[in-house]
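Undergrad: The residues making up each chain are set out below.
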Amino acid sequence: MTMVCETPSLSRRALIAAGGALFSWAYLPRFARAADSRDPRLVVMVLRGALDGLSAVAPVGDPDYASLHGALALRLDGERAALPLDSFFAVNPAMPNFARLFRARQALAVHACATNYRERSHFDGQDVLESGMPGPGRVESGWLNRALALLPKGERVAPRGLAVGSTPPLVLRGGSPVLGWAPSGLPAASDDLTVRLMGLYDHRDPALAAALRAGLDADRLATKQGMDGYKPGGDAAAAMRKAAEGAARLIAADDGPRVAAMAFDGWDTHANEGGATGRLAQLLGGLDGAIAAFESELGPRWKDTAIVAVTEFGRTVHINGTVGTDHGTGTVAFLAGGAVGGGRVIADWPGLKAADLYEGRDLKPTTDLRAVLKGLLADQFGLPTRALGESVFPETAAVAPMRGLIAA
Amino acid sequence: MSIDAQRALVAFTRFGFGPRPGDLAKTQDPRAILIAELAAPDGATLADDSLPRTPAALQTVYADQERKRLERERLALVELEQTGMPAPNVAPLLDLQSWPAPPPKDGAAMMSGAPSAKPPPSPEQQIFRAEAAARLRRALAAPVGFLERLVAFWSNHFCISAAKSNIARAAAGAYEREAIRPYVTGRFADMLRAVEQHPAMLNFLDNAQSIGPDSKAGQRSNRGLNENLAREILELHTMGVGSGYSQKDVVELARILTGWTIAGRDGRLGEPGAFVFNANAHEPGPATVLGRTYAQAGLAQGEAALADIARQPAVADHIARKFARHFVADDPPAALVGRLSKSFRDSDGDLGVLARALIDDEAAWSAPATKMRNPWELVVAAARAFDRPYPDPGPALNAMNLLGMPLWQPGGPNGFAEEASAWASPEGLKMRLELAAQFARQAKDAPSPTALIDDILGPSVSRATREAITRAESREQAYALLLMSPEFQRR
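Quick mapping for you: the protein sequence lines, in order, are chains A and B. So that you can map any letter, position 200 of the first sequence is 200 in the numbering used here, and since no number is skipped, the others follow by simple counting. Every number in the numbering used here is 1000 more than the matching position in the second sequence, counting from 1.
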């Protein structure tokens, strides 16, 4: 079933499986070459699976938070205390780099945000998030690709390390040509997929379960990991950092990409989500490491860079019977980069009282995520509001771009 | 779910290559679609003017071998010249500039990384790929795929290996088109003759070099009998191991088959690359196989012996058991095997009747899905399910290699394993998972996973599988889980 071109080596196949490949616009924006002016870069990270915003950036000042989010709630005291961002919000202790950048006014969070999608299907939610279309099922092109069509096209990005690769994430698919790159030496099929498949086999087909388990064990031995050290999520975090390091080096080059997207899987934490430690914390640590990798690799280019990390929707405020959370609505989005006007959590906080929850279960979205994305495109690339509301995010004329996300 | 829907699924999975979206819903009479496919005139033949007949394919190899020989000689002469030895006036025997240039670096080559300097594909590799592409296209386009499953079954039963030689690689596809496809609903005896007279088989099992000790050629040289083909005819192709033939029968049959060979590039014996009977290499005199004495002269002796062997009662049992094991279960119901064997015997080895007997047998419809799709079936089923044709056979061939079933290249003359356990190995399943994940990543325009569940796995899909797919955290993950579900892996 593979089904890529020619015979890639095992490690190459494995790495593509891990996700975290970088996909970029094949061209430089024409203004990028002006040596003394701003040279804006934008990286969009799609966190697939629905990030629990309440465990990532915790409303520790909300009187209802600790009791509602139960075992998963972050605390300001004790071991693994959350890192305060302001008097109300604190970020997961797995994200020290984000906290540091926040203090340096180079990072911000937007809370209680969501796209206009209000059902709870990952597939449809991701369609809406990435396509920028008013509804799901429209998967021909993504908003970032359509935004590229509005930019003045300059020279081709230097192909060093970049090639036409496997399918880019929807957000960057479309008429504008896209190049891909993936790091090497990452683990095979994602941990989350493997865990789910093992669960299905255990349930339905013990023979296949035994065989696959034995195959995975052998693989782990081969990679000197051993069962004891094997933690789902741990590999993913390392993979994210590694992918980001390579991606950042490409983006840092003068003739490298200026607009790129990456997608990271594994955020669907129905069971054993963990709070300050555990699976979600590992993934957040991976994201934090990825941001730090961009910062260090971009060097002087960091000042012109904005990174935005978004997810299709949030998770329930209450924890479920398997110490996880189920599909919800409002969540958090992260922005980081030297170009970002940071140091604040942007939120019209809806509260967590029963009457304040969306459908009695989810954080109510009070900020349209598309306003954030439109504002970012407007400020970083100077795209006109009208086009943003028509071709990039169709039928969003009423959703005003959120200005000021990029430092003046 | 309705019985009809379940039977439609069985028609596509047990007998065919799995449904394409929409196939299950529009199937009214599952048995009838199988019968219709069997009845299509020349349904299994694959005529394609761009694919060379065996002699043409082998002539390409001969020409390439000659070209390389001349080049070696030329280089030897250059060497001679450079070492100061007196050299004859060497004309350029070969224009190096006219060698096939390497294909342009494909921009679609996977991701980054150092491009590996690959030599241009050899003529036999090019032919092999074209044949593989044709086989793949046919399997993807088949309404159900029962005929193509029969082709694959018989091709594996009478397998050759492309790894044997350049000749076997060049002729592997033509072998299947010429010796297998015309007979999958015809007579077993005809397929047997076509197979044992095909250059690919004569090369694979060394009969092309077998020489009767008392033949003219045998008396001139010290080469002699090669029993390889004769043994596999009795042990694998017809009666089966332990079915009553003796080592003496093997040797006698080998004598009878001497002279069955391939015409060489000089054309002295016939069209270069074609099957030819070389009387000079044929062991003269009568020979006795399984108690019958064959006194015919020449080619007729071997043809008569093969025709009789095809009618041995052990053949019907051997074929019936293998047929049922391939399609129904590793340990098929004895009653089913008995009925298939009887249909084979009563029809004098009519393979169309045998196939029809399988369709008509309730046991073939009611047996639970315990078999694993082998890698060929998996590759085809995945492409059909996602409506993803392979514009180039490379990815499919690559997947089959990784999964342990390189096309037309089994490890031995007994072919690829039929048992489910051979494919559900730890390494195999891990590889299936990696490939499924990769396939899923590239399935960008596929329908929604929820729709695919009903379309591909059918309404009888287990709740656990349905939930695993619908709760997946992304489309990609849902597609990978669908491909890896027991319902997709088993048949």
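Derived from the structure by calculation, the hints contain no laboratory data. The beta-carbon is built from N, C-alpha and C at its ideal position, and this holds for glycine as well. Check before you lean on any hint, since a few could be wrong.
[Stated by the list, open to error] Short, incomplete list of chain A residues facing chain B, as computed with Cβ under 10 Å:
| id | residue |
| --- | --- |
| 1 | 190 |
| 2 | 196 |
| 3 | 214 |
| 4 | 216 |
Undergrad: Confirm or reject each hint.
TA: Here is how each hint holds up against the structure:
no., hint, result
1, 190, "holds, 7 Å"
2, 196, "holds, 6 Å"
3, 214, "holds, 4 Å"
4, 216, "holds, 6 Å"
Checked against the numbered hints listed earlier, the structure breaks none of them; every hint is satisfied.
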